[in-house]
Amino acid sequence: MIKVLNVAEKPSVAKSVATILSRNQLRVRDGRSRYNKIFEFNYSINGQQCHMLVTSVTGHLMEVEFEDRFRKWHSCDPADLYTAPVRKYVPEDKLDIKRTLEEEARRCHWLVLWLDCDREGENIAFEVMEVCKGVNRNLTIRRARFSALIERDIHEAAQNLIAPNQWFSDAVDARQEIDLRIGASFTRFQTMLLRDRFVIDSAQDDRNLVLSYGPCQFPTLGFVVERYWEIQSHEPEEFWTINCTHRSDEGLASFSWMRGHLFDYTSSVILYEMCVEEPTATVTKVQQQEKLKYPPYPLSTIELEKRASRYFRMSSEQTMKVAEDLYQAGFISYPRTETDSFSSRTDLHTIVQEHQEHPVWGSYAQRLLDPGAGLWRNPSNGGHDDKAHPPIHPTKFSAGESRWSQDHHVVHFLILVSTCAWQSFFSFWSNLVIMALNEFLKFSYSHFLQRLYELVVRHFLACVSQPAVGAETVVEIDIAGERFSASGRVILAKNYLDVYRFESWGDSMIPTHVQGQQFIPATLTLDSGVTRPPPLLSEADLLSCMDKAGIGTDATMHDHIKKLLDRFYVTKDANTRFSPTNLGEALVMGYDDMGYELWKPNLRSLMEYDMKEVSVGNKSKAEVLATCLQQMKACFLDAKVNKVKLLEAMAIFFNRSDRSNGDDSSALGENVRPCGLCQEANMVLKKNRDGNFMVGCSGFPQCRNAVWLPGPVLEATITNNICNSCTPGPVYLIQFKFRQLEIPPGFNVNHLGCIGGCDETLRQLIEICGTGSRVQARGRPPTTTPSNGPPTTTPSNPQRSNSRQAPCIYCYQTGHASTDCPSRISATRHVQSHGMNQQNGESSIPCSTCGTPCVLRTANTANNRGRKFYSCSSQACNFFVWEDSLNNGSAPRSAPRQNISSSASNPSRRGGRGRGVQNAGRAGDVTFVSATGEPISGRRCFVCGDPSHFANACPSRGS
DNA sequence: GCAAGGTC
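full-length UniProt numbering puts the first residue of the first sequence at 1, with every later residue one more than the last.
Simulated from the structure, these hints should not be mistaken for laboratory data.
One or more hints might be untrue.
Said to hold, decoys possible - Estimated spans, in silico, between C-beta atoms of each pair: (1) SER620 to GLN353: 46 to 56 angstroms; (2) ASP638 to TRP73: 14 to 24 angstroms; (3) ARG310 to THR571: 14 to 24 angstroms; (4) GLN740 to PRO511: 46 to 56 angstroms; (5) GLU40 to ASP566: 42 to 52 angstroms; (6) LYS387 to VAL644: 43 to 53 angstroms; (7) LYS3 to ARG99: 17 to 27 angstroms; (8) ILE491 to VAL514: 19 to 29 angstroms; (9) ASN378 to SER254: 31 to 41 angstroms; (10) LYS3 to GLN159: 12 to 22 angstroms; (11) HIS447 to TYR89: 35 to 45 angstroms.
Quick reminder that beta carbons are idealized off the backbone N, C-alpha and C, glycines included.
Using the sequences plus the hints, can you model the full thing?
This is how it looks when you write it as C-alpha cells:
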C-alpha cells in the first residue's frame, strides 16, 4: 500500500481534510509539535489504495534572514543590506514541526500538499517540499487544489492532484526578500540617524527606540498623516443656500434648493430676492417609487473588522483576537478570509436551523425557514473568493449571555495570566481588589465574545434575507425659476433590518402634494453655512484605504495598524479616529521633503504588480529582484544624501539631544544683507522650526528685525548676485524654489529674488499665499522651544499659533465669528475716512490688523488678473482686501471664489449649515413672506441698505 | 533591535 504524507497549512484544515476523506473513520496521534496532530486512515486515490497520514504546519515553516555577519546593526552600512546574502531557514519555534515532517516523510512514498490555494500557500508548499525532500529524495510530490473545505471539493481535489506552481512560490520569495532588505535598511538608517539626535518624548527610553520603516506600515502611516494635513489646510468657506417650507393640514414639508449651495453671496441674494418677489410655489413633479435597501454581502475579515469597529468600537486587533478565540472554540468559521460569497454547495438552511431556538433571534430564524413568510433570499455575491475559506459564518449554536463566561476556556486563561501578573506586581493589593478586577476582565472579555458572535450570526441571517422595502416620494417645486425638492419615505417591509439591528433606515413623512398645485411657502430663508474639513480617519476608514491600495492582507492589516500605535507613530482617540504623533508626522514630512513617495501606497502597488507578473510567468523572480532592489538601493542612497531633510523635519517637533554630535546643522545661516534696523549685525537666511524660511537679524534677540518669506518656498539658496537698487547693501539675491502646487498659475517654480523690498514676485506671493501656508497645511504647534529660535518682531500668522481652532474666514484671526469680523468694518471705515488716493502703491490707510500703511496693488494671477487690492505694506502681515469688495460693501476676500460648487464632487467642500439661523439676518429683514405673498417687513437692498431698491438694481454695483 | 506573511 502506498503511504501518503498529506500536509495542510494549519491544524484545522488537516483535521477537516482527514475527517472528510476518512468519513470520520480515523486515528489521531501526536506529532512532535503539540498543536500539529497526525491523522491516519486508508483512502483510495484514483483506484490506488493508500495509507494516508494527514498533518499540518502553522503557516510559514521558514523565515528569510541575513547571514549572521550582517545581522548586527553596526556590522555594515545599511546600504549593504541590498546585496548582503540572505538565507531561508526554519526558526527555533518551528523545529518541532520540521522534525515531524522529516520523520513521517522518510516512511512515505508520496507527499500531497494541502496548503491554502493562494500565493503564500504555494510558497509554504515549497518550504514543506524542501524539508521533506531533504530526507527522502524519492518522494512523489503532488498538490491538492480545493476551493472550500466541503466534502465534494476535498474528494475532487484528492482525485485530481496537480503539480505545485513554482511561479506562485517565486513571487512570494521575491516579496519576502524585498520586504526584508527595504525594511531592514531603512529601519536601521532612520533609527541610527534620528534616535540619538533628538529627545523623542513619546518613548520611555529613547535609546532603545526603534524607528521602523516597512513597505506596509509607512503607507498606512501616510494615510493618517495625509488626512491630518488635509484637515489642517482646510480653509473654511462660507456658502449660502435657500430653504423653504410648506405647511399643510398633514404637516410640514421642508424643501431644499436643488442648486445645493452657492459660494457667492451676491448671486445667492439676487436669486433669493427673485424668490421673495414671486414667492408662489408650483409643484412640478411628484414621483413615487419603490426603493430597496439590500442586506450586506457575506462577511469577510476586513468587513468584520470594519463593522466591529463601527458598531462596537473594537480595534481591528481586538476583533481578530476575539474572532480567533471564537473560531478555536468552534463557534464561527475561519476568521481570515477574503471570500464574500457563499459557494452554491454550502448548506445555508442547516446553519439557520441551528438558531431557531435562540431566545433573541430564534423567531427570526424560524420566519426565514418558513416558505410561507417569503423572507428567504439566496445571499448576494460580493465578488471576492480566496478559494480557501468560506465567508465568516456561525458554525455552532450558542445561546450566549451567561454561558460565555462559564464555558469558554480563553476567559479562564486570561484571568489566570492576569492574576499572576497583578499579584506579582501589586502584592500589597488585597485579594478583594484583584477579584474585582478579574470579574471586570471576565465580564469585558465575555462581552466582546458575545458581541462579535452576535454580529457574525445576525450578519449571516441578514445575508439570507429579503431586502428592506420602502416607498419613496420626491416632490419638486418651482419658485421664480428656482427649483426645490423634498422627499419622504415609508418603510413597507423591514425584512433583514429586523435582525440586523446595526443598520437603520428611517421613516420620514412628507405631506401629499399633487402636480400643478400652487402654494405660498410658510418660510423662505437665505441661510448660510461654512465648509468643514473631513474628519480624521477612523479605523474602518483606514482599513478601507489599505484594502483599496492593496496594503497588507486580510490577516495582517490589523497588525500594521497596531504597529503604528506601538511605534508611537499614531494615536487613536475614543472615537477610534487616528492622528499622527509628532514622530509620525516628522518622518513622513522628512521623506516628503526629499520628494520621495516612500510614505505613499504606490511603492507597494508597484511591487504587487511585479509579484503578479512573476506569479503568471511574465517575469522571472531574479529579474524582479534585480530591478526592484536596484531602484530601492538608489532611492536609499539618495535618502542618505538628503538626510538633512529628515533632520530638519524632526527639528520642527523635537529638541536636539545632548547625545547629538551636531554634525548635521543645515547649510542655512549665511549673510543676506546688513541689518538696516540695528545697523550692527547681519541679516541671515534661516529656516525656523515650523519649516518656514525667513531672513532675520543675527543680533536677535536684541534686534528683532525679520523678513518672512512666502509659505510655498521649498528651497532657498543665497547666491553671489547683488541687488542693484536696494539699500543698505549689499543685498545678496536668493535663489528660490517654490512648491508647484502651492503657488498660483503664472508664477515660476524657480525664482531669483531679492528680500530688500524691490521684488514684486515675492511680495505678491506673500500677499496671496501668506508666509506659512505650508505650516497651516501640515504643522502643529511645536511641543518644545529651542533656545535659538527665530526673531519674532511681527505677529506671526494667527492660524499657525492656533491651528486647531477655526479662524475667521475673512481675516484668519481666531476669537470671533466671520460675521463679526472687525476687519470688514475697519477696512471700509479706513477707506472712507482717509479719502484714499487709489493709485497703485499710494495710500496712507493703516492696516486694520497691524496698523502699518496699506498699499493699493494689482493682482496678476490667472483668476484675478487686473483686479485691485489693498495690502499691508509690512511683509510680515497677511492683511489684504479686494478693492471692489470695499466699494460694494460686501465682505473682503482672501482668495478667489468659485461661484457654484458641487459639494458632492469636491470633498474639501463638504460642509454643514452651521450658522443658518444667525445669518438669515444678513439677507435683510425679508426672511418671511405673508400668506398673500407680500414680504412682512423691511425690504431693502442687501448691498447698500437702501429700502428703495433690491441688490440686483443697486447703483453701487453698476451694470 | 529591522519587514511582511503565514499560524497556534
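Unmet hints by their number, sorted upward, for this structure: none
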